[in-house]
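Here's the letter readout for the chains.
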Amino acid sequence: MEELVRLSLGNEMDLILAHKRSMRLAELAGMSLAAQTTFATAVSEVSRYAIEQGTAPVLTLGVYLPRTSSLRDHQYLAAVIEDKDLPVVNPVNQNLLYARRLVESLEITNTETGSKIALYCGLPASRKLNAEVFTYWRSQFTTDLPLSAYDEIKRKNEQLQELALRLQDSEQHYKRVTNALPLMIFTANQAGQLIYANAWVTELTGLGIQTLNQSKWSQVIHPEDFDHFWALWTKKAAEGKAFESECRLKAAASQEYRWHLFSARPVISEAEKVTAWTGFVVNIHAQKIVSHTLRANEELTLAKTQLEQSQRELQSTVSELNRSNAELSQFAYVASHDLQEPLRKIQSFGDILKDQFAPALGATGADLVSRMQSSSGRMQTLVKDLLTYSRLTTHQQAFQRVDLNVLMAGVLSDLETIVQEKHATIEVSPLLNIQGDQLQLRQFFQNLLSNAIKFAKPDLPPVVQITANRLSSVQLPSNVLLTGYPAYVAISVADNGIGFDQQYEERIFRLFQRLHGRSQYEGTGIGLAICKKVADNHGGHISARSRPGEGAVFTVYLPAGDAD
Amino acid sequence: MDKIPILRMGPFLLVTIQVDLYDRLALDLETDLISTVHKTGACGVLIDISAVSIVDSFMGRVLGNIASMTRVLDAETVVVGIQPAVAITLIELGLSLKGVHTALNVERGMALLQTKLGLDTGMEDDVE
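Protein chains in written order, with this note's numbering: chain A, 1 to 564; chain B, 1001 to 1128.
Worth flagging that the hints you see were computed from the coordinates, not collected in a lab.
The structure displayed is predicted, hence computed values, not measured ones.
Glycine is no exception: its CB is placed at the ideal position from the N, C-alpha and C atoms.
Each hint can be trusted.
Under the rule of at most 35 Å between Cα atoms (straight-line distance), these lysine-lysine pairs were calculated in the DSBU-like manner:
| id | chain 1 | residue 1 | chain 2 | residue 2 |
| --- | --- | --- | --- | --- |
| 1 | A | Lys154 | B | Lys1003 |
| 2 | A | Lys116 | B | Lys1098 |
| 3 | A | Lys116 | A | Lys20 |
| 4 | B | Lys1098 | A | Lys20 |
| 5 | A | Lys20 | B | Lys1003 |
Chain A regions said to be covered by chain B (calculated; three or more residues, Cβ under 8 Å):
| id | stretch |
| --- | --- |
| 6 | 12-22 |
| 7 | 97-107 |
Given the sequences, and given the hints that come with them, work out the whole structure.
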């Protein structure tokens, strides 16, 4: 059916409109006045029935053009009344019987959605009907002046209802859109109280607008940000300028604070007055973290660059130092090596002088030659010791397991002469294995033991005790800072000699440093320096404890030679 | 609220329906007419429906009722000015307006009433 005009049937006044519209349609369709009246009366009859029986019947007027071939030449004016609650139509109802008499066909259909009564009234086949005609007819119904005040009111009412419906739609649409946005949208008044907010506000805070307004968001805004936030709002609200603040808000779901950006702009009326504020709140936690991380990263990069720079400087210093150290060792080695030759010559020429020219020299000359020889002999010793010392740096051997018991036996046999001379007693407790350079270690103990014997009290034969015990790296004394090996062997050499003042502990290990005059105790001042060098070469440590006149204890920590 | 005026013309009441006649208005007219007949003792009622474009079963019933009720009150009712199209529809509907006197126009209706009641213009004074 080609629908032309629609009319809701609410009350008896609508009956008038129904029949007027029917008349008008029939008139437009070119029907005779009698036919118009007949059609309108039929519509009126059915409409009356629908108003009385139904709840919200709707009348639709139009033209029916059957598609079936047998009826192709027929066309009908049609009036259809539908109502969802129209009771199953009673065909013997008087109104319907009357209507049936007036029209060619009256059809009653019951569907699940309601009932439908359709009236059809034949139109002359000569009347050509097409879309243009229908458009014209439709326009007639909308442009015709209202039939009565009631008609006008009804029309306006329908327009209003449609507007209200569209408004509702648009509002729902707006709400859907704002609620779908992943941010909070709000309007607020001058005091910062929310007037409207989308669903996100409640979703995030877990609180209603009213609660938030009452508490001024105190449960939500981080306590550290709260005062600043409201101070800024008060300031901006007074100025009527855009407000923007970053603060932490507590999410109801996770109970964690997250960074959010509050932004609000004043709504300014024509009178230049701020009437309200509109704004949004958006989660900027991720950005905040990223920027924070970036900043931290920059600092880290800077620190790293500085570190690398100083490392490079350190490395160049170290290599410079190593180079000069190596040159120095080389120099010392070469020098001491070359110094020996002239000394040997002085010695042998001195011998020749004494043997072959003794009578010519006389007693004084012989004495001078002897002194010269003794001096050159001392120098020879010095050069030899220096050579030994410099070898410690230039001839570094790979470490191996060294049995200290065997090593110590060798050392003692070397020192046999001096031990007998000085009537010294050497007590050796069972020793342990260590990791190291056999040759260097031998020099080490030789120096240490001869030192202990040398610095004996004049009236007391020297007694030297050698003990050893194993310490794991954590058991080391706090002043001994050693790493690199899991366990160390601490070897103590204790004597009953003259001892020294503890303040000289560092000094005695330095090259050429002597605490006593050469006339009292002979020596070159290299022995303990060699000991320290060997200890350092082994990744170990040497220290001394003493008091003047109370003997001394030298303790060396060397890497243990076995895992257990 | 609309109201259809009822004019008194001697012993007769004259009603001209010039507006769209919706149900309430029709029923009000019915009541008003009966009470006016009762009040004035009019012996004839003339209803002009020449401006009415449609008379459906309800209106037909109302007109029939008015005729029956006025007759009970000893007054005759004549409906005049029925449009041809309305007449056709009435017949198609099967409503013959039984008991309602009809006339082509007001003049003929008036004459009909006078004949019915055996009155002439000179008897107006008797009506009270």
